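2 protein chains.
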Amino acid sequence: MKYAVGVDVGGTNIVCGLVDEDGNIVAQRKYPTDSQEGHQAILSKISATIEQLIEEAGIASEQCVAVGMGIPGLVDPEQGVSLRAVNLNWRNIPIAGRLKELTGRSVYIDNDVRMYVYGEAVAGGGRGHEFVYGVTIGTGLASAFVQHGSLHYGHRFMSGEIGHVPIENVDFPCNCGRIGCLETVVSATGIARQARSRITKGEASLLQEWFPDIADITASGVSRASDAGDILARDVLAQTGKTFARALAWVVPLLSPDAIVIGGGGALAGEALFAPMRQELDDLLLQDYLGQFVIKTAELNDHAGIVGSALWALKRSGSND
Amino acid sequence: MKYAVGVDVGGTNIVCGLVDEDGNIVAQRKYPTDSQEGHQAILSKISATIEQLIEEAGIASEQCVAVGMGIPGLVDPEQGVSLRAVNLNWRNIPIAGRLKELTGRSVYIDNDVRMYVYGEAVAGGGRGHEFVYGVTIGTGLASAFVQHGSLHYGHRFMSGEIGHVPIENVDFPCNCGRIGCLETVVSATGIARQARSRITKGEASLLQEWFPDIADITASGVSRASDAGDILARDVLAQTGKTFARALAWVVPLLSPDAIVIGGGGALAGEALFAPMRQELDDLLLQDYLGQFVIKTAELNDHAGIVGSALWALKRSGSND
Chain A
1 MKYAVGVDVG
11 GTNIVCGLVD
21 EDGNIVAQRK
31 YPTDSQEGHQ
41 AILSKISATI
51 EQLIEEAGIA
61 SEQCVAVGMG
71 IPGLVDPEQG
81 VSLRAVNLNW
91 RNIPIAGRLK
101 ELTGRSVYID
111 NDVRMYVYGE
121 AVAGGGRGHE
131 FVYGVTIGTG
141 LASAFVQHGS
151 LHYGHRFMSG
161 EIGHVPIENV
171 DFPCNCGRIG
181 CLETVVSATG
191 IARQARSRIT
201 KGEASLLQEW
211 FPDIADITAS
221 GVSRASDAGD
231 ILARDVLAQT
241 GKTFARALAW
251 VVPLLSPDAI
261 VIGGGGALAG
271 EALFAPMRQE
281 LDDLLLQDYL
291 GQFVIKTAEL
301 NDHAGIVGSA
311 LWALKRSGSN
321 D
Chain B
1 MKYAVGVDVG
11 GTNIVCGLVD
21 EDGNIVAQRK
31 YPTDSQEGHQ
41 AILSKISATI
51 EQLIEEAGIA
61 SEQCVAVGMG
71 IPGLVDPEQG
81 VSLRAVNLNW
91 RNIPIAGRLK
101 ELTGRSVYID
111 NDVRMYVYGE
121 AVAGGGRGHE
131 FVYGVTIGTG
141 LASAFVQHGS
151 LHYGHRFMSG
161 EIGHVPIENV
171 DFPCNCGRIG
181 CLETVVSATG
191 IARQARSRIT
201 KGEASLLQEW
211 FPDIADITAS
221 GVSRASDAGD
231 ILARDVLAQT
241 GKTFARALAW
251 VVPLLSPDAI
261 VIGGGGALAG
271 EALFAPMRQE
281 LDDLLLQDYL
291 GQFVIKTAEL
301 NDHAGIVGSA
311 LWALKRSGSN
321 D
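Chains as they are written, first to last, in full-length UniProt numbering: chain A, 1 to 321; chain B, 1 to 321.
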């Protein structure tokens, strides 16, 4: 059996997992990201953690044939360079090369959402499908596409950033400086934002009781209120689903996926979001596409990033073909 | 030098061209499609034409190593089956196999828009680019995507049909039975339709003089009127361009092309359509994507289909790798 370590580098936490070639996690560590300490300190700790995981799992060192790492922001996976990771304060850093020097192992880096989607595509919700479009509904919204087990990158590895397409009749300001981007509605923050906005405009909701300061409203709070029968909360999730359907109405004819896998915190809203989304999408799509794909929730969830980056590293190193 | 014959089967005409491996057309024939005669008669005539072209060009029969064919509608290029071609009245016909029996040559069939875009991508407007998204603005609107010289198909070879995505605030009825599809605006027929609709609502235009019966208005008429300074015509082309930009605002982040090639009759409107489209697209896209791709008009135009199907056949037959 061959193994790889998958590393998911987030702005808050770093997760390292030793993963076998079937996608099983055999050992795992999670610790806070000290982004102030700079990338060398972060990479040294990752390198030490990799050796601990191998020891803990009791495998031979040479059985771990590669290291994969998912990093937020723009990444050049061919050169192994983190081009821009705002939360980590990284810019044009040759992460793969540096970590290879520390570990003596082959290192492959990529965008974190791509690694998440790759994990879900080959070992999670998209397993068994040929054309998997995966989305994470989290703080923002991003996506990736896996075709016959390979990732689509596009020019300068920039495909997948659908969160910033402006949507007609949406006027929330976006972090990117523009107005009405998809992710101002379809994201965990967008779900909370819609609820706050409607309560501010005078609509009644259970959420006012639960969150005396409406700034504290969260997407999971909206989900719980919806489950408790709150009309506003239910409608916010329905509107979120319908808005997302308008994005998927482009995804389906452009890519023709046979599976759409939806993960991230926003996906926890479940059918309250998915049912209106499916219904709207059925109305928007040409007849030919109906029934040609499944929509599934992520299965690996928080583990998708480490499983995906480990399996992708195995594939890129030629050890899992 | 190796050659292939490219065949472009339309509802009105059939064009056959003998093409060398560099994409040059060395001999060509065009004749009306007798769709009433059925597919066997059509294929027999194509088979005879292939031999004529080879003789005319004076090449050895075995130098023509493959035949490629672009067919409208749904095609299964792996099985070589025309699944549905409404204008030809074909349904589930194993075209590639039948033509192979007649010609004794390897035959590869595909969707006609894919073959057009492939031709433009490798030997036309997209030459030299890695990720080429191509569109034909004709009677309808369809597209294809070529990545590193290979076509993207998607599940059941159904990717590319973006003409039927409903657009907000558009309410023209579409041939597909629904309302406000992209191609009701962004197509040659859509350009004429918009002009007619606005004239019917009382707007003044040169087109009323040129086309006493407004049912006769054509997209090229609208282009000429725009060139002559007609305000309505100019605005129709600008609106068409802006509406198309709303589609491209999804294409760019999903695929991240480095070239977008636009062909078909609608592209002849030129800058009157392209300039407002570019401007709108710049407003809609995330900063990261600006300046990362070129938008070009088709170069091979009417020849893109035969060049594309011939070169794709050469590639599929393993003769042009």
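Mixed in with the good hints there might be a few duds.
As the list claims (entries may be wrong) - The calculated lysine to aspartate or glutamate pairs, modelled on DMTMM-like cross-linking and capped at a C-alpha distance of 25 Å, are: (1) Lys-242(A) <-> Asp-283(B); (2) Lys-242(B) <-> Asp-171(A); (3) Lys-100(B) <-> Asp-22(B); (4) Lys-30(B) <-> Asp-282(B); (5) Lys-201(B) <-> Glu-78(B); (6) Lys-201(B) <-> Glu-168(B); (7) Lys-2(A) <-> Asp-22(A); (8) Lys-242(A) <-> Glu-101(B); (9) Lys-242(B) <-> Glu-271(A); (10) Lys-45(A) <-> Asp-34(A); (11) Lys-100(B) <-> Glu-21(B); (12) Lys-242(A) <-> Glu-271(A); (13) Lys-2(B) <-> Asp-20(B); (14) Lys-242(B) <-> Asp-283(A); (15) Lys-242(A) <-> Glu-168(B); (16) Lys-100(B) <-> Asp-20(B); (17) Lys-2(B) <-> Glu-78(B); (18) Lys-2(A) <-> Asp-34(A).
Please keep in mind that the hints were generated in silico from the structure rather than gathered at the bench.
Please read these numbers as outputs of a predicted model, since none were measured by experiment.
Margin query: Hint check: Lys-2(B) vs Glu-78(B), CA-CA at most 25 Å. Holds or violated?
Written below: Roughly 23 Å between the alpha carbons, so the hint for Lys-2(B) and Glu-78(B) holds.
Check: Under the criterion that the straight-line Cα-Cα distance not exceed 25 Å, is the pair Lys-201(B), Glu-78(B) satisfied?
Finding: Cα-Cα ~49 Å, so violated.
Notebook entry, point to check: Lys-100(B) and Asp-22(B): Cα distance at most 25 Å?
Noted result: holds (24 Å)
Notebook entry, point to check: Quick one, are Lys-100(B) and Asp-20(B) close enough, alpha carbons at most 25 Å?
Noted result: holds (20 Å)
Item checked: Restraint check for Lys-30(B) with Asp-282(B), where alpha carbons must lie at most 25 Å apart -> violated (41 Å)
Note to self: Hinted pair, alpha-carbon criterion (25 Å max): Lys-242(B), Glu-271(A). Please report holds or violated.
What the structure shows: violated (35 Å)
Check: Lys-242(A) and Asp-283(B): Cα distance at most 25 Å?
Finding: holds (24 Å)
Next item on the list: For the pair we were handed, Lys-201(B) and Glu-168(B), check the Cα-Cα distance against 25 Å.
Entry: Holds, at about 21 Å.
Check: If you draw a straight line from the CA of Lys-242(A) to the CA of Glu-101(B), is it 25 Å or shorter?
Finding: Violated - the C-alpha atoms of Glu-101(B) and Lys-242(A) are around 51 Å apart, more than 25 Å.
Note to self: Checking one constraint from the list: CA of Lys-242(B) to CA of Asp-171(A), max 25 Å. Satisfied?
What the structure shows: holds (19 Å)
Checklist line | Distance restraint between Lys-242(A) and Glu-271(A), which requires alpha-carbon spacing of 25 Å or less | finding: holds (12 Å)
Next item on the list: Take the C-alpha atoms of Lys-2(B) and Asp-20(B), compute the straight-line distance between them, and say whether it is at most 25 Å.
Entry: It holds: about 6 Å lies between the C-alpha atoms, which stays within 25 Å.
Checked against the numbered hints given earlier, this structure breaks hints 4, 5, 8, 9, 18; the rest are met.
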